[in-house]
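Asks: Residue numbers (numbering that gives the first Met the number 0), protein chains in the order written: chain Y, 0 to 224; chain S, 0 to 211.
Treat the hints with care, since some could be wrong.
[What the hints assert, rightly or not] Straight line, CA to CA, 25 Å or less: simulated DSS-like cross-link-like pairs of lysine-lysine:
#1 Lys151(S) with Lys159(Y)
#2 Lys24(Y) with Lys159(Y)
#3 Lys151(S) with Lys169(S)
#4 Lys39(S) with Lys151(S)
#5 Lys169(S) with Lys159(Y)
#6 Lys151(S) with Lys136(S)
Just so you know, the hints here were simulated from the structure itself, not pulled from any lab data.
Note that the structure is a prediction, hence the values are computed from the model and not measured.
One letter stands for each residue in the lines below.
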Amino acid sequence: MYNWDFAPILANSDVLGMGLLNTLKLTGTALTFGVPLGLCLALLRLSRWRLLSMPAGLLVEFFRTTPPLVQLFWFFFALPILVQVEMTPFVAAAITFSIQSAAFFAEVFRAGIVSIERGQSEAALALGMSDQQAMRRVILPQAVKRMIPAFMERSIELMKTTTLVATVSYADLLFQANELAQKTFRPLEVFTVTALIYFTVIYAASLIVHRVERRLAISGETTVH
Amino acid sequence: MWAYPEALLAGAAGTLRIFVICLVVGLILGLLVGLGRYSKLRLAYIPASIFVEFFRNTPVLVQILWFYFAMPMLMPFEISPLMAASLGISLNSAAFSGEIFRAGIQSLESGQWEGARALGMSQTQAMRRVILPQAIKRMLPALTNRAIEIFKMSTLASAVAYVELLQQGKLIASIHYNPIEAYTCIALLFFIFLYPLVQSTYFLERKLRQSD
Numbered sequence: 000m001y002n003w004d005f006a007p008i009l010a011n012s013d014v015l016g017m018g019l020l021n022t023l024k025l026t027g028t029a030l031t032f033g034v035p036l037g038l039c040l041a042l043l044r045l046s047r048w049r050l051l052s053m054p055a056g057l058l059v060e061f062f063r064t065t066p067p068l069v070q071l072f073w074f075f076f077a078l079p080i081l082v083q084v085e086m087t088p089f090v091a092a093a094i095t096f097s098i099q100s101a102a103f104f105a106e107v108f109r110a111g112i113v114s115i116e117r118g119q120s121e122a123a124l125a126l127g128m129s130d131q132q133a134m135r136r137v138i139l140p141q142a143v144k145r146m147i148p149a150f151m152e153r154s155i156e157l158m159k160t161t162t163l164v165a166t167v168s169y170a171d172l173l174f175q176a177n178e179l180a181q182k183t184f185r186p187l188e189v190f191t192v193t194a195l196i197y198f199t200v201i202y203a204a205s206l207i208v209h210r211v212e213r214r215l216a217i218s219g220e221t222t223v224h
Numbered sequence: 000m001w002a003y004p005e006a007l008l009a010g011a012a013g014t015l016r017i018f019v020i021c022l023v024v025g026l027i028l029g030l031l032v033g034l035g036r037y038s039k040l041r042l043a044y045i046p047a048s049i050f051v052e053f054f055r056n057t058p059v060l061v062q063i064l065w066f067y068f069a070m071p072m073l074m075p076f077e078i079s080p081l082m083a084a085s086l087g088i089s090l091n092s093a094a095f096s097g098e099i100f101r102a103g104i105q106s107l108e109s110g111q112w113e114g115a116r117a118l119g120m121s122q123t124q125a126m127r128r129v130i131l132p133q134a135i136k137r138m139l140p141a142l143t144n145r146a147i148e149i150f151k152m153s154t155l156a157s158a159v160a161y162v163e164l165l166q167q168g169k170l171i172a173s174i175h176y177n178p179i180e181a182y183t184c185i186a187l188l189f190f191i192f193l194y195p196l197v198q199s200t201y202f203l204e205r206k207l208r209q210s211d
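One chain only, chain Y, in its complex shape (with noise of 0.2 Å):
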């Protein structure tokens, strides 16, 4: 019978809080780029000069295509060597989820913007407003509002996603224990309760997202996906 042993990891607490800490950071730093970046590819996407659009839709799609790891090595490895830039760990994943993250929520965007009816650009431009001043003040207040649940939800898929920098050696949560683990002998235990940290951040954050969603339901909102 294995003997459970969870002393070495409270003793140690510090080392997993500060690869939590990574972590939210690393996230964090994501979305505060991620998002008006996936804005702005929404918009150009769906713009009516091809010139615009055509980059816009192939660089989406070539980032939702392709895997999350393969970008993250891509701008670790080889993106420091044709910019000859030294790159720390946290500045290449930083750059690999902003873009990526990007391109998911561009298309949350542009589901949330091509949802809103006809009629509500149509009666803004009788009202005489130009274009954008019709998508600044009446399409997109609509539509982040319905947006709002696959934005979380997308969210919530980044942090899972941030994982992948352990590989590069950023001190995230999953690399913290990695190097915790090692150092104790106590694989089984650190993983577990890695494992349960995880667990409890994200499955309290997809409560709430569920929370919100039955909320926009019952006032009647459509939701976009």
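Add chain S to chain Y, keeping to what the hints say.
Replies: Then chain S, alone, in the frame of chain Y:
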């Protein structure tokens, strides 16, 4: 990059092997989990729900590393990289596809059940002959999406040094000092293989919307 086609071929074979294993195991297990989640029996419903919630709400890479580093402490035998990675990815996909199956079954009108029952079919017969065939048609786009996700997830097996495309790309890059070419090639290979699949999923979705 192309000087050693064996390296890339071995990688492609490894990627395909783990993809097929995880797709088959994940879908079969997913169907069982989905039926469990749909069941009125609490003995089936509760374990299936815990399974789904746990595997959907933890990162796949954590699951793979758990099976690789932690589980051997409890087992009398060694765990190979392939086994650890397939366990992580299959169970994760089982949880996600379980929810697809459940939603698909629930989406059918109760008249279908009643009709099958009126024809004298038992519960299992009705499920197998009437409900599932129709539900699977509705679930097809979601399931092909799942297959694409599994293919992308297969790269995570490189974290436990299983020989697949990305792992071989890493090897080639470190031998020839050509990370730009190596990783660009690997990314393009995945894109070329997956892009038609993604497009056909969109096509299926559109077609299904029209026929409904």
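Asks: Now look at each hint and say whether the structure bears it out.
Replies: Comparing the hints with the structure gives:
1. Lys151(S) with Lys159(Y): Holds: Lys151(S) and Lys159(Y) sit about 14 Å apart, inside 25 Å.
2. Lys24(Y) with Lys159(Y): With Cα atoms ~13 Å apart, Lys24(Y) and Lys159(Y) stay inside 25 Å; holds.
3. Lys151(S) with Lys169(S): holds, 17 Å
4. Lys39(S) with Lys151(S): Since the Cα atoms of Lys39(S) and Lys151(S) sit roughly 35 Å apart, the hinted pair is violated (cutoff 25 Å).
5. Lys169(S) with Lys159(Y): Cα-Cα ~23 Å, so holds.
6. Lys151(S) with Lys136(S): holds, 24 Å
Checked against the numbered hints listed earlier, the structure breaks hint 4 alone; every other hint is satisfied.
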